[in-house]
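Given chain C, work out where chain P should sit, using these hints.
There are 2 protein chains.
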Amino acid sequence: MSAPIRDPAEIYRRSFAIIRSEADLARFDAGAQEVVVRMIHACGMVDLADDIVVSPGFAEAARAALVAGAPVLCDVEMVRHGVIGRLMPSDNKVLCLLNDPQVREIASRDATTRSAAQVDLWAARMEGAVIAIGNAPTALFRLLELIDAGAPKPAAIIGVPVGFVGAVESKDALAADSRGVEFLTVKGRRGGSAMASSAVNAIAGGLEGHG
Amino acid sequence: MSAPIRDPAEIYRRSFAIIRSEADLARFDAGAQEVVVRMIHACGMVDLADDIVVSPGFAEAARAALVAGAPVLCDVEMVRHGVIGRLMPSDNKVLCLLNDPQVREIASRDATTRSAAQVDLWAARMEGAVIAIGNAPTALFRLLELIDAGAPKPAAIIGVPVGFVGAVESKDALAADSRGVEFLTVKGRRGGSAMASSAVNAIAGGLEGHG
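Sequences listed follow chains C and P, in order.
In my numbering, each residue's number is its place in the first sequence (first place is 1) plus 1217.
In my numbering, each residue's number is its place in the second sequence (first place is 1) plus 1217.
Each hint should be verified, as a subset may be incorrect.
Calculated lysine-lysine pairs in the DSS-like style (CA-CA distance at most 30 Å, straight line) [said to hold, decoys possible]: (1) P:1370 x P:1404; (2) P:1310 x C:1310; (3) C:1310 x C:1370; (4) C:1370 x C:1404; (5) P:1404 x P:1310; (6) C:1404 x P:1310.
Simulated from the structure, these hints should not be mistaken for lab results.
All figures in this text were calculated on a predicted structure; none of them were measured in a lab.
The following block holds chain C by itself, in its conformation from the complex:
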């Protein structure tokens, strides 16, 4: 066996080349392709491309929001820690409020998950923000409810919760009516923190940056 490749830049370069040669990316524009490639890189599955739904202006709007200094609001700490801070074009804040002391209280009051309760605390920062939900369907449902109730609209929603209860339904609800907000989602049960943060990283730094 040949020695393993250890140079990080070379590992990224070869990985992206393999993904571009194997994945069917033809239906995505150039900006969305960078996002899809990075998401595939994060999960190891080239057929993920077939399940990705992205609104036509998503990549451009999300990039413009970051350039303008918008924060990234994440549903869980794993998403926040998957975002590569130095790729951010405007030293953007990447926030997860799950451990805010108010969250337990709201969750208990509303008989919901802490992830969903946290979304209530996003409202003050939501206008023009980039949302990254990788874990909790309840957070995505709550986000749509708050927008319906008149909360400020984010610039873009990355809505890729994973799992067996509510994930499919929450992502279908986003894709069916994103309330006029640019969005990206993954049909079906697949999703997760790594997919969410890799989409953010692609928007922030394209395929050039790595970490």
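Just chain P, lined up with the frame of chain C:
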């Protein structure tokens, strides 16, 4: 459409029930089944069970190590943040040394990734530890090299790096010869931080705890 389920305990209960009804778990013992169910829960794919390779004593050895107070050593911050601290039986340390100031220096000296360089810093804490590698094939290769060079043996290795360059080869190397250490891996390109941390959570708290 009926209202989404929001109660976290009920979401976990239903999720695990769906997984047990759909996944083929017959070849795993009871302890390993809990690990496999949690890993499937983290990725949304019941067919992951078919690709999981686990040594016969893995779940028991990893659990005993945590009960005895062993640390969990993680290759990236995402894995560390996916571990649910309050499930730990002995208030165990969950560590990621990727941001240790020495790591950049070692990575530069050895022309390798920071993830792999970090493994050199694990040696002092490795004896009897639980290792959780969810991201970097280079970290898993380096771990095997260090054990071959006489480093203290961990109690168990969760080796599930993801991706297109080196991931398959590093996991095959672990499965072919785990150096006498109990291990869990996933054949193929799939893997990731969520799979690694969910395996740790299953060992720590079975399917009862949730977060």
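Hint by hint, here is what the structure shows:
The suggested pairing of residue 1370 of chain P with residue 1404 of chain P holds, with an alpha-carbon distance near 23 Å, which does not exceed 30 Å. Distance hint between residue 1310 of chain P and residue 1310 of chain C is fulfilled; the C-alpha atoms sit about 28 Å from each other, no more than 30 Å. Our distance criterion of 30 Å between C-alpha atoms is met by residue 1310 of chain C and residue 1370 of chain C, whose separation comes to about 18 Å. The suggested pairing of residue 1370 of chain C with residue 1404 of chain C holds, with an alpha-carbon distance near 23 Å, which does not exceed 30 Å.
The straight-line distance between the Cα atoms of residue 1404 of chain P and residue 1310 of chain P is roughly 28 Å, inside the 30 Å bound, and the hint therefore holds. A threshold of 30 Å between alpha carbons decides the hint, and for residue 1404 of chain C with residue 1310 of chain P the separation of about 37 Å lies outside it, so the pair is violated.
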